[in-house]
Amino acid sequence: MITWANFVSQLFNGLALGALLALISSGLTIIYGTLGVLNLAHGAMFMLGGYAGYMAYEATGSYVVALIGGAVFLLVVGILLERVVIRHFYHRPHEDQLLVTFGIAIVIVEAVRFFFSSLSKTVPAPSLLSGITPLGFMFYPTYRLALVGIVAVALLALFLMLFRTRLGMIVRAGIEDSVMVDSLGINVQRVFMVVFGIGAMAAGFAGIVNAPVVALTPDVGEAILVQTFVVVVIGGVGSFTGAILGGLIAGEIISITSMINPGYAYVVLFAAMTLVLMVRPQGLLGTKGRE
Amino acid sequence: MRDRKYDMGSNGRRDFMRLGLGVAGGLALPTAFIKEAFAQDKPPIGTWPAGSQGDSVFIGITVPRTGTYAVQGEDELKGYELAVQHINEGHPLIKAISPKTKKGVLGKTVKYGVADSAAKPNDAIQAQQRFISDNKAILMTGSTSSAVAVALNKLAQREKVLYVTGISGSNDTTGKDCVRYGFRQNFYGETAANALGPVLLKAFGKNKKAAFMTPDYTYGHTVTKSMNDYLTKNGGWTMVTNQVSPLGAPDYSSYLTNIANSGAEFLINVNWGHDAVLSTKQAKQFGLLPKMKLVIPYQIPFLAPEVGADVTEGVYAATDFWWTLEDKFPLAKQFVDEFRKKYNYSPEWGAENAYMSFALWADAVENAGSFYPPDVIKSYETPRKINSVVGEVEWRAADHQLIRPVIIVQGKKPSAMRNKEDFWDVMEIVPGASVMQKPDAFGCNLGSYT
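Going down the list, the protein sequences come from chains U and G.
The numbering of the first sequence is the working numbering, which starts it at 1 and goes up by one.
The numbering of the second sequence is the working numbering, which starts it at 1001 and goes up by one.
Calculated directly from the structure, the hints in this document are not laboratory data.
For glycine and all other residues, C-beta sits at the position ideal for the given N, C-alpha and C.
Any given hint might turn out to be false.
Okay, the calculated beta carbon distance ranges per label pair [said to hold, decoys possible]: (1) U:L145 with G:K1291: 42 to 48 Å; (2) G:Q1129 with U:G263: 46 to 52 Å; (3) G:Q1129 with U:S117: 49 to 55 Å; (4) G:A1441 with U:M278: 30 to 36 Å; (5) G:G1205 with U:L99: 31 to 37 Å; (6) U:S117 with G:E1265: 46 to 52 Å.
Here chain G is said to cover these stretches of chain U; the calculated rule only asks that three of the stretch's residues, wherever they fall, bring their Cβ under 8 Å from a Cβ of chain G [to be verified]: (7) 9-18; (8) 127-141; (9) 213-219; (10) 258-265; (11) 279-287.
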């Protein structure tokens, strides 16, 4: 099965999966880096994004509206969650934060199941991007190629926001030392709210972009959450660029291993994570001493 | 969870002391009383007689309501619920299958509890153990994964509480992992392969190349083996690749890329539940379908509406039941009508299997005239023809597998569908006995009654 065509196809698969993981993980990592909250509801946000996009698509028939509408919806959900629940947990032990976000995830997943049932939902790819693209040596689903581009644009937007705006500067400063930022007179609380909203939006946006690739079910976020954590650990906790690098590495590991023996895809992924933890505990692009 | 453990610990000590008292008390009993108890020749076993002393009996149901098999689990559950309702009211449909039934089972109302197994053996076992200890369940059921069915088989034999499988397609369930306390109504890998194989060879000819997609557990491996064995031995087909994936895989692109590069002409998808939906949809995205011909050896309830009739058009599948059998079997019509009346859709085969499993259990108990498990088992094992929604069936005593037909269906063209549920044409009703292996061929050893 190891042929040149198969190898290149798997590289593409890895790129598409990696791009998606990078986007979701970037949301998780900036939330953890800034707020110090390990958000186990991140997978649920990914799933909810898909359903929000599905609803928007059903109402309008437009993929673009689904993309924007779903993302904005998740931004609002993220902000509300932070205001109502998460902010009461900043000063509580990590165990409490894990439990509360885990609880939120269950509530969201089961609420979606209640309203939409477990039967899968479909968001079709826009007609311009559906079909198969011949790449000479192989055929590849056009939408998956487009997905890499869409995610790249989203990541670029996030990058510009984080590295070229005042808000981004505060966020990055918050990741390094939130107490100091607070004592400088900056309203850290409001920044936290925005960061949580943007983190949720990143996951939600990934959920919508991914919707035409999968069949949406309430459980779609569960499996991706585990991979996302692996990505964050490999890339470095709190590191935006680390999340992108980690995502691409994880995507390629899963795909290339699958070419040789799919049964070992996750074994190799976790082995890679273990290796990183042993050799460079802070992650590939993480900073030492950061929690 | 931690608190619970501690509780159990203190209970354990208390139970131990109680046990000590009980033993001491037992020793002090007059020997005449002991003799009388043994004279009945039925010492307590499992939850008997405690579970059937009141005016009701309890069934523990574990079906997946979350995860990869959730959709199929819900359908299955509806079949169980309808059967319990019919048993308790002495409905004519139940009476047609179990003629001795009046109301309830041996006059006792049937009650049940439901737990979500998420298709995980551990979850199912924990829930059933609770049903046994808290509710004195006299019957366990539910599975939409053979991994769960095999685990509950073992629990049933250990606890001496009867178990009727839910959906379970593995050869092992009534093969190497069969037990005296377990019974299976539905078709399985070997019967599916032997029924579907000839149809495939007739339609497509010999010496074809097939790619398999196999979920990585007992169901997947045995169904793939049976199907591949049939096609290679009888038709000279070749398995060019077998893509084994974990249950609940989030993406199939890597597997499908391997298949795209394998030169296969047929995609034989053994994946099940949402895995089947996702892998089939993505196979279409990658252009594998309709270039390759799709084959579904073990039908997945709701696959067609989820992937679309354009994908299932022309696809051959083996199944337990399809609602249009109502045109052929009067009991099927009655069942489909009753189900539709209650749930507003036509039942899939998971619901049919669930309904039939309970109806057959009621028949076995009524014929035994007792809830004493060894008597009920012997009643199951006594040869007799029983009416079912797919004609006459009978139990095979040697491995507790029901001898029942396998239904071969083919996906309809979207334009030929008479209504929105009319996805499949029934092509053949293959008699069960002709497609079953010998009872000991898969290493079945049922074990003891007591």
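Verification of the supplied hints:
1. The supplied range of 42 to 48 Å is broken by L145 (chain U) and K1291 (chain G), whose beta-carbon atoms lie about 19 Å from each other.
2. Restraint check, Q1129 (chain G) to G263 (chain U): a C-beta distance of roughly 31 Å breaks the suggested window 46 to 52 Å.
3. Between Q1129 (chain G) and S117 (chain U), the C-beta spacing of about 29 Å breaks the proposed range 49 to 55 Å.
4. In this structure the supplied range 30 to 36 Å is violated for A1441 (chain G) paired with M278 (chain U), their Cβ-Cβ distance being about 49 Å.
5. Range check, G1205 (chain G) to L99 (chain U): about 60 Å between beta-carbon atoms, so the 31 to 37 Å window is missed.
6. Look at S117 (chain U) against E1265 (chain G): about 36 Å separates their beta carbons, and that is not inside 46 to 52 Å.
7. Chain G is given as covering the segment 9-18 of chain U, and this holds because 5 residues of the stretch bring a CB closer than 8 Å to a CB of that chain, at least three being needed.
8. Coverage of the segment 127-141 of chain U by chain G holds. Counting CB-CB distances below 8 Å, 5 residues qualify, and the rule asks for three or more.
9. For the segment 213-219 of chain U, the assignment as covered by chain G holds, since 6 residues bring a beta-carbon within under 8 Å of that chain's beta-carbons and 3 suffice.
10. With 5 residues carrying a beta carbon less than 8 Å from a beta carbon of chain G, the segment 258-265 of chain U meets the three-residue requirement, and the given coverage holds.
11. As drawn, the segment 279-287 of chain U meets chain G at 0 residues by the rule of a beta-carbon pair under 8 Å; below three, the given contact is violated.
In terms of the numbered hints stated before, the structure departs from hints 1, 2, 3, 4, 5, 6 and 11, listed from lowest to highest.
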